[in-house]
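Chains as they are written, first to last, in this note's numbering: chain A, 1 to 428; chain B, 1 to 270.
If a hint is listed, it holds; no wrong ones were tucked in.
Keeping only pairs whose Cα atoms sit at most 25 Å apart, straight-line, the calculated SDA-like set for lysine to any residue is: (1) B:Lys117 x A:Ala303; (2) B:Lys204 x B:Phe253; (3) A:Lys306 x B:Lys111; (4) B:Lys162 x A:Ala307; (5) A:Lys50 x A:Val160; (6) B:Lys111 x B:Ile200; (7) A:Lys422 x B:Lys117; (8) A:Lys106 x A:Glu200; (9) A:Lys108 x A:Phe121; (10) B:Lys117 x A:Met336; (11) A:Lys422 x B:Phe120; (12) B:Lys162 x A:Phe424; (13) B:Lys117 x A:Glu237; (14) A:Lys106 x A:Glu392; (15) B:Lys117 x A:Gln325; (16) A:Lys132 x A:Gln98; (17) B:Lys162 x B:Asp198.
A short list of chain B residues far from chain A (calculated; beta carbon distances all over 10 Å): (18) Tyr32; (19) Gln42; (20) Pro56; (21) Val80; (22) Glu81; (23) Asn93; (24) Phe120; (25) Asp140; (26) Trp153; (27) Leu160; (28) Ala201; (29) Lys204; (30) Ala229.
Simulated from the structure, these hints should not be mistaken for laboratory data. If you're wondering where the values come from, they're calculated on a predicted model, not measured in any experiment. Every residue gets a Cβ at the ideal spot worked out from N, C-alpha and C, and that includes glycine.
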Amino acid sequence: MTDNTPPLKINPTLLKRRNAAEKRFRFYGLAAVMTAVLVLCLLLTSIISKGYTAFQQTYILVDIRLDAESIDPKGTKRVEDLAAASYKGLLRNALREQFPGIEGRKAKRSLYGLVGSAADFDVRDAVLDNPKLVGTTATIAVKSSDDVDSFYKGYIPRDVPESNRKIKDRELAWLDTLAADDRIVKKFNVDFFTNGDSREPEEAGILGAVVGSLYTLAITLALCFPIGVLTAIYLEEFAPTNKWTDLIEVNINNLAAVPSIVFGLLGLAIFLNFMGLPRSAPIVGGMVLALMTLPTIIIASRAALKAVPPSIREAALGIGASRMQTVFHHVLPLAMPGILTGTILGMAQALGETAPLLMIGMVAFIADIPGSMSDAATVLPVQIYLWADSPERGFVEKTSAAIMILLAFLVVMNAIAVILRKRFERRW
Amino acid sequence: MSYAMDMQNYTTQSETATSEPKITARDVNVFYGASQALKSIQLDIGANEVTSLIGPSGCGKSTFLRCLNRMNDVIENCTVEGRISLDGVDLYNSGLDPVLLRARVGMVFQKPNPFPKSIFDNIAYGPRLHGTVSNKDELDERVEKSLRRAGLWEEVKDRLDKPGTGLSGGQQQRLCIARAIAINPEVILMDEPCSALDPIATAKIEELIDELRERFTIVIVTHSMQQAARVSQRTAFFHLGELVEVGETDRLFTSPQDDRTQGYITGRFG
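Bound-form chain A, shown alone (with noise of 0.2 Å):
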């Protein structure tokens, strides 16, 4: 049989064209990662740009007359009676004296109002510090108001009438004396790693929801990682092909996709109505939170032991072991990069999640620091929202700073998920 096809000639307008698409797909794609970028700077360079401000905070030196008498009458010296004493008046009179002249109770509330309506813990925490300087005058920096700390960050112009200002042309003049006098300071903001929720911008701090982000993700990891991988094992190693797993599976595909929040109606009903847990306790929120992770752990690690190729199964049950054996020697480490994987995205979306923890009163204003899994709590997603939702201006660089939390929460726990990885990877 003789062959009449004519040698290759490629078309040239075909080549151009194909040369032409392939160039255009590799545009295209790098248009579109550039514009994840883009918006991704864009997005870091918004929250960063409103939210570094709240990691300083403006203080006010105060010449404060520390009497003995009225701090300590009995002279004890002792730490418990220094704390009781009350530094409120001592404070304001230092005020009274910085500003001599002052008269009407208008204007002593508003000077009063200069300095941060828990400034007199400064002062406390000044002299228990030194308890020396009970019955001399110190120079104690307290915390100014939100007001006067979003002026000195630039929040609030000048240069506008003062019927639209927060800070009055009178308290202006006061600060504008102080300033001049080289009493106005900005320091780091300790309180705000240190402190739980509060009304106050100016005393608000992240540590609540950190706290009771950890708490929870804890009970989170504890119940959905061992019930999720278990599972998943089964399901791939051990469980026969039939109506029931198919069942099953089509199930767990399905409960990764159904909404939050009906986990939060979930948990309501079971744990806190029939279980009777406590509301808004970090144990609830964990356990809801795993009923929704369980689905993707699941599916991660089914597909992570599903990549194991067969042929080390083979060998391993080849060589005499059992399936349990093989599974937990030999398929279980392999699979591990993607298990973990899996668990830290997870985890991640829990660490996010905020609506079904509305459903068992996990949003809530709670100023206390959880010391334990049952006490009230809330967690970082609804602190930002919480604040989010807050009138006073110097909330809005505290929403900022909350939102750079939790992703340097999430960065913290990516970085975690790749060093595990790297631990337990193993060449082929």
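Since the structure of chain A is provided, determine the placement of chain B on it from the hints.
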């Protein structure tokens, strides 16, 4: 075709039985779901000799091999009928633990499949698993002996802690053989052990098989008729799920009794 009528009653030509059988298979039928993969197989595997199973792809030789250590158990829908016995003990119906069976009947697979662990751990896994060594020294000795028997010791003795997956293909396969003999099985099943290897590595494995024959009973599935002729004492030819002919290797290759065997070994099909 002239042999179409033979398929009716699945008769097997010549010597299905041997004088000193290690494994006997009688009326073995294997089904994958509804399709029958093996039809009424009668075959003896002689002790301390190499039996090779040849035949075209899909003829059931690997299936038969995997029946001998019940590796088919892990395949869903696979059912095995008939009687296969090892030293007279039924493998399927006597309550024998398949896990213990697989310790007695080792297996080497088509694609080298060392564990992604160190060379040492690859060999040590079996003895540790079955508790056949009592201390570290014995384990070291066992590992060395197994590697020596597999002809790998000289090549790897300085890097026992390096991953087994870093070896060349031929070395990996010898590592798998060493791993199989480390637990002192009675029978070693080899499923096309050289199909992924180059001719030099193949020659080494074949040499090894010949040495191992003194201590172990070996069943090898191969696509290469030259290999079957070189390494085995008995050869069984499978075709379309039946055992067509079995006999002394020399006899089978020089004077096959069945047309199909004749056709296959002369390269008319397969």
